[in-house]
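Going down the list, the sequences are from chains C and X.
Using our numbering, read the first sequence as starting at 161 and increasing by one per residue.
Using our numbering, read the second sequence as starting at 161 and increasing by one per residue.
A hint or two may mislead.
Identical chains blur together in the list; that is why a pair holds if it fits in one copy or across any two.
[As the list claims (entries may be wrong)] In the BS3-like style, the derived pairs of lysine-lysine whose C-alpha atoms are separated by at most 30 Å in a straight line are:
no.	residue 1	residue 2
1	Lys378	Lys681
2	Lys740	Lys378
3	Lys736	Lys767
4	Lys764	Lys668
5	Lys246	Lys236
6	Lys764	Lys780
7	Lys474	Lys767
8	Lys574	Lys474
9	Lys736	Lys764
10	Lys566	Lys429
11	Lys474	Lys402
12	Lys566	Lys401
13	Lys740	Lys767
14	Lys736	Lys770
15	Lys574	Lys169
Derived by calculation from the structure, the hints in this document are not laboratory data.
Number of protein chains: 2
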Amino acid sequence: MKSRHPELKNTKITDSFWSGIQELVRNSVIPYQYEAINDRIEGAEKSYSVENFVKAGKIAAALREGKSVPVYPADKWVYDDNNADKNAFHGWVFQDSDVYKWLEAAAYSLSCKPDYELEKRADGIIDLVCAAQLENGYLDTLYIINNRDEIFTNLKDFHELYCFGHLAEAAVAYYNSTGKDKLLNAALRFADLICKTFGESGVKGYPGHEIAELALVKLYEATGEKRYLKTAEFFIEERGKKPYYYDIVLGRKTVDDNYHYNQAHIQPKYQKEAVGHAVRGVYLYSGMADIVRHTDDAELYSACKALAENIINKKMYITGGIGATVDGEAFSFNYDLPNDLAYAETCASIGFIFFARRMLEIEPNAQIAAAAERALYNTVLSGMSEDGTRFFYVNPLEVLPDASHKDSRKRHIKPVRQKWFGCACCPPNLARLISSLGEYALTENESAVYIHQYVGGEYKIENGAVIINSDYSESGRVNFMITPERAFTLALRIPDWCDNFSISAPYKTKDGYALIDITEKSEILIEFEIKPRLVKCSNLVRANIGRAAVMRGPFVYCIEGADNGENLQLLSLSPKSALKYENGIITAEGFREEPDSELYCEYKPAKTEKTKITFIPYYKWGNRGENEMQVYIEINN
Amino acid sequence: MKSRHPELKNTKITDSFWSGIQELVRNSVIPYQYEAINDRIEGAEKSYSVENFVKAGKIAAALREGKSVPVYPADKWVYDDNNADKNAFHGWVFQDSDVYKWLEAAAYSLSCKPDYELEKRADGIIDLVCAAQLENGYLDTLYIINNRDEIFTNLKDFHELYCFGHLAEAAVAYYNSTGKDKLLNAALRFADLICKTFGESGVKGYPGHEIAELALVKLYEATGEKRYLKTAEFFIEERGKKPYYYDIVLGRKTVDDNYHYNQAHIQPKYQKEAVGHAVRGVYLYSGMADIVRHTDDAELYSACKALAENIINKKMYITGGIGATVDGEAFSFNYDLPNDLAYAETCASIGFIFFARRMLEIEPNAQIAAAAERALYNTVLSGMSEDGTRFFYVNPLEVLPDASHKDSRKRHIKPVRQKWFGCACCPPNLARLISSLGEYALTENESAVYIHQYVGGEYKIENGAVIINSDYSESGRVNFMITPERAFTLALRIPDWCDNFSISAPYKTKDGYALIDITEKSEILIEFEIKPRLVKCSNLVRANIGRAAVMRGPFVYCIEGADNGENLQLLSLSPKSALKYENGIITAEGFREEPDSELYCEYKPAKTEKTKITFIPYYKWGNRGENEMQVYIEINN
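For reference, chain C alone in the conformation it holds in the complex (with noise of 0.2 Å):
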């Protein structure tokens, strides 16, 4: 049986881990994002995100009153106001999406807590976004700006769909979290444009860039109207069908494997391996677990049970990374997870998680679950500084300076967090999840309450009221008030990384979640035993032959030079070294190989001596300069 995540307005975080991180959120890195978009953050790349939509606006009002608008070349368009006509279209082609992941981000916030002078620069932005809206309903800044007739001729490389996407996710957030429609109708002005335009007596085509097919979606959910639906489905029925859309209307030939980049190689309901850019990958996911959701198509479910379980045993990072290769920004093959070269963006983690929760709402599943935890504790958090102003796009489980400053092959590794990027779609995607956090904790149908994150919180749903308090990650305790409105089934889910738990009140176990009749008021009390703990990765990863891992709870700790000096790799642990863990750090008794002086010798036993070895959470690396990090470590039998 179905079930379906809690409406955001209907939760509140209050826990003890991530109220904070939530704050920070909305006082630093939401604040800080508008000042970004609107290109006042010194020593950043520019946005010109904002600068756009004002631009297009004015072009906009003047085809209204019928003048003549220049034309700039749409696909030579240019990055930077040094370079181009400055009236043109500047940024990325999907730079337009900042500003909707910024308002998505900021309509969740003002959902958690109210907040005027927030909800007035959001208002002051849909106005700028609806200004630039063509009277037919299309709404993407490069097209307006440079050329009105180009529009939709190569979706393939261009972005108005994943920009759709965007804006259509943005505008039913910040419905839903204001009552306000204006950017609402917007979003459905231009989803009635692209349903007119795409489908079988349309035209054939699909976005080059996922996205739109999971907001169609929302727009379906919010407004019940079918032919979002329809279009959704549409587009993921017609994506890898040959010959190839991308072919015929680019009028190029091209082999198979060009279009696994955007997962437009065979058709979705036929793909068993997850391959090409990561972050396309897990939305079209997202979108086809949508559409299953409503239509209940087994053959889309088990094309999505395949890639989930792909990505989950042989192409995800310890830390919840995925995207092995910097080349495309993509999965790489099975089992191939470097972790000098990783690419493992934040967006794609952030990404994996909205597939996870829509999978989880299709039937619960405790790996799945239990991935989206690993994602969400260690790579999307690793995103963003202690401060919420630098932020990283690429998480690599091992730095070393050096060879990011001199080798170009480790170029996109970067060993401290940046102000903020040119292509930003990291910092705003953050930031969306991070305020919507509520409605990832559980799901819920007639007869159970599934929880697969211990997010801390009072959360009003169908079944009743049930506050969360929750000290997971730190001591494993978290208690449970249950107030319900009917009888049902509460499934705790049983994270992976625990053996020994309690809990109390009388239970089964099934399939990974430990199951409690609740048929009146109850408080619950599940404790799982947490200790930091050493943890093996499959053999079949030739990157960490010889090591391991150390993790504590949900998170996985690192090694950094500023607790432990240069040359990390000099470091080990034997699998009987005491873990001791106090105040979020865990200490190790363990060894340090001294530096061999020669490049080559005889073989001999290495010379070590005795170290204490300082770990620190993985998300919190790199706050601290410049210095060396690892995340898996040598181990001495």
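Here the structure of chain C is known, so what remains is to put chain X in place on it, guided by the hints.
Here is chain X on its own, set in the frame of chain C:
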């Protein structure tokens, strides 16, 4: 006191190991490459190199007759005849050099063994080359065919001075071997044009791809004309001066970093770290050492020594490969020696051997000679298939065919040798080194003969006749029959892999050589204890922590899928594992880990079972179709 290598015509290789390889080069490689440069190998990339000389010859004739000739863009030349005017130049800008390297290899081969048919072919090629030379001595087919008015306008990116260098090397070799001076005269005419064009009072440029420096010294040595030496010195002195010549001429402003690629970031005399394109680097360092041999320039020699030490101690693979990154085919930073991403171009190891020989002529140095041995017996030989018709350009230390096919970061790693390359620098380079091996075995001066490489053969040198019966790489036994012309010291290099040796005459050791006084006709037997051994790579190299390589004598061994099945990373040795040698193969009782079914699990000691592991010499890998290969193997303590 400086010493010199023997003249090739006074050497005759009779080595149990090397004679066979020389025969292979003579009977298979040189004839095969003749077909290749004439574009007669089916299924191989076209070379166009002979064809270009034919075209250029017609242009040169037309110009002599005062006829007008067509102009094609030189800076926008097109590789193949599908995309260009068929009368224009084809192939890479440096394609002439393949013809010259073939001629040089043929010359050395003729020096070792007369061959009427080969000499006739070479004479035919030389006629084509000389017919292409312009009246003023200029000889580079790209500019002769495409545009005479643009010669020497882009020294940085085009390769006129590089092709000249190979012409000069071939010309000197052919003259020394056959006494025929037609090609030498052509080279001298081109050299004279270069000497007139470049210099203090002329163009202050220098080659973008080095080799002209060492080639000009060869012309100086062949003719005694000082201007050739002076121009070589000029090129080395000008290189790296600021403002950069290339910036001035090409009207570009670059950052220093850009000139690391061709070692033009600072003047060579100040260079201490080997950086940039590895082949260019070792060719430059060879030229620098040549200048030192003739001028005793202490500053330049100090740079040569620092560069050699940097390569040997921090940038050389155990296989003698150099150039750890495909980006720019370049040296990476110190101790960055990844196995599976290695570039380790065959040509770079060959060029290192050129550099090493020159350094050994300045003064004997057991470490440099050992590094040359490492390169010669492993990466150089690996460049060629057992039948001499397939070649590796790149010589990795770990190969997973799936990665080569699916991971674009490893596109350069070929799991099997290729027929021929459009950019075919390596195969003819290999042919010219192997054919002139007699020049690399020893150096001599008035009072000493230094044996650097134990290549069996008959050497007629100034100090007398030295006959070496060598079974060096198989049994470690080498016998010397010496008929001295005067008393001298015989200095026998003690290989770095040998702890125990015996010599049938009184000796003392100094700086890695065993010194024996030779005053009369003598027979001396040296026996190096040779046995399979485990070799450790410095723990400053991150890729090899916890692993070791198997060697025997000068040969590095590796494991291949053909012998050991898939997932070579699951195999391990104990330091106590007995290594057994028989018929070129080493076997060991090792261990195989059971493959893990879960991607992540609580750490537990691996389940292993005993297994026989088979090692073959590294240079023989990839001769049995696509399969996994690994040099380093995990060590279980």
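Hint by hint, here is what the structure shows:
1. Taking the closest pair of Cα atoms, Lys378 and Lys681 never come within 30 Å of each other, the shortest separation being 34 Å inside a single copy and 96 Å across copies.
2. Taking the shortest alpha-carbon separations for Lys740 and Lys378, neither the intra-copy value of 46 Å nor the inter-copy value of 68 Å comes in at or below 30 Å.
3. Taking identical chains as interchangeable, the C-alpha atoms of Lys736 and Lys767 lie at most 30 Å apart whether they share a chain (19 Å) or sit on different chains (17 Å).
4. Taking the shortest Cα distances, Lys764 and Lys668 sit within 30 Å of each other only across copies (29 Å), while inside one copy they are farther apart (54 Å).
5. Taking the closest pair of Cα atoms, Lys246 and Lys236 come within 30 Å of each other only inside a single copy of the chain (15 Å); across copies the shortest separation is 33 Å, beyond that limit.
6. For the identical chains of this complex, Lys764 and Lys780 are inter-copy neighbours only, at 27 Å across copies versus 37 Å inside a copy, given an alpha-carbon limit of 30 Å.
7. Proximity of Lys474 and Lys767 under a CA criterion of 30 Å is satisfied inter-copy only: 21 Å between copies versus 36 Å inside one chain copy.
8. With identical chains, the CA atoms of Lys574 and Lys474 are at most 30 Å apart both within one copy (25 Å) and between copies (24 Å).
9. In this assembly of identical chains, Lys736 and Lys764 lie within 30 Å of each other by CA distance both inside one copy and across copies; the values are 23 Å within and 11 Å between.
10. Taking identical chains as interchangeable, the C-alpha atoms of Lys566 and Lys429 lie at most 30 Å apart only when they sit on different chains, with a minimum of 23 Å there against 43 Å within one chain.
11. Taking identical chains as interchangeable, the C-alpha atoms of Lys474 and Lys402 lie at most 30 Å apart only when both belong to the same chain, with a minimum of 29 Å there against 52 Å between chains.
12. Taking the shortest Cα distances, Lys566 and Lys401 sit within 30 Å of each other only across copies (23 Å), while inside one copy they are farther apart (43 Å).
13. In the homo-oligomer, the alpha carbons of Lys740 and Lys767 lie at most 30 Å apart both inside one protomer (25 Å) and across protomers (27 Å), since each shortest distance falls under that limit.
14. Both within a single protomer and between protomers do Lys736 and Lys770 lie at most 30 Å apart by alpha-carbon distance, with minima of 13 Å and 25 Å respectively.
15. Taking the closest pair of Cα atoms, Lys574 and Lys169 never come within 30 Å of each other, the shortest separation being 37 Å inside a single copy and 57 Å across copies.
In this structure, the earlier hints numbered 1, 2 and 15 are contradicted, and the remaining ones agree with it.
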